[in-house]
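**Q** Sequence:
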Amino acid sequence: MMIRLLLIILTIAQINGDKTNKDSTIENTRPIIGILTQPTPTSWMKPNRTTYIAASYVKYIEATGAQVVPIRMYQSIDYYLHLFNSLNG
12 MMIRLLLIIL TIAQINGDKT NKDSTIENTR PIIGILTQPT PTSWMKPNRT TYIAASYVKY
72 IEATGAQVVP IRMYQSIDYY LHLFNSLNG
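12 is the number of the first residue of the sequence shown in the numbering used here; add one for each residue after it.
I should point out that these hints are in silico values taken from the structure, not numbers from a laboratory.
Check each hint, because a few of them may be wrong.
Cut-off 25 Å, straight-line C-alpha distance, at most; resulting in silico cross-link-like pairs (SDA-like, lysine to any residue) [as the list claims (entries may be wrong)]:
#1 Lys70 to Ile43
#2 Lys70 to Tyr91
#3 Lys70 to Asn96
#4 Lys70 to Asp89
#5 Lys57 to Ile46
#6 Lys57 to Val69
#7 Lys57 to Tyr90
#8 Lys70 to Ile46
Okay, the calculated beta carbon distance ranges per label pair [to be verified]:
#9 Asn39 to Phe95: 17 to 27 Å
#10 Ala66 to Ile43: 10 to 20 Å
#11 Pro58 to Glu38: 34 to 44 Å
#12 Thr53 to Gly76: 35 to 45 Å
#13 Val79 to Asn59: 32 to 42 Å
We put the beta carbon where it would ideally sit given N, CA and C, even for glycine.
Please work from the sequences and hints to get the whole structure.
**A** Next comes the structure, spelled out in structure tokens:
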């Protein structure tokens with residue numbers, strides 16, 4: 012009985028070990044959604060904090076399984092071209 016239990020434990024450990032030792036590059040199939048930042052109200056303004064994203068927007072998108080990327084305001088055209096070519100929505 013003990014030998015059988017030991018064999019089962021070793022088999023499970025081997026199976027789990029095979030899963031963790033696979034290639035570390037895992038393909039991410041989650042969509043990437045951009046959320047446009049909003050200007051910060053003057054009463055909230057602090058140095059280097061001129062825009063924000065409401066947490067409810069981020070939580071709503073993440074609840075669907077997507078990843079969120081901020082689309083920052085006041086950036087160059089190259090920034091937007093690169094970003095929009097990298098997003099799914």
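**Q** Does each hint hold? Answer for all of them.
**A** Going down the list of hints, with the structure as the test:
no.: 1; hint: Lys70 to Ile43; result: holds, 14 Å
no.: 2; hint: Lys70 to Tyr91; result: holds, 23 Å
no.: 3; hint: Lys70 to Asn96; result: holds, 23 Å
no.: 4; hint: Lys70 to Asp89; result: violated, 28 Å
no.: 5; hint: Lys57 to Ile46; result: holds, 21 Å
no.: 6; hint: Lys57 to Val69; result: holds, 22 Å
no.: 7; hint: Lys57 to Tyr90; result: holds, 24 Å
no.: 8; hint: Lys70 to Ile46; result: holds, 11 Å
no.: 9; hint: Asn39 to Phe95: 17 to 27 Å; result: holds, 19 Å
no.: 10; hint: Ala66 to Ile43: 10 to 20 Å; result: holds, 19 Å
no.: 11; hint: Pro58 to Glu38: 34 to 44 Å; result: holds, 40 Å
no.: 12; hint: Thr53 to Gly76: 35 to 45 Å; result: holds, 36 Å
no.: 13; hint: Val79 to Asn59: 32 to 42 Å; result: violated, 21 Å
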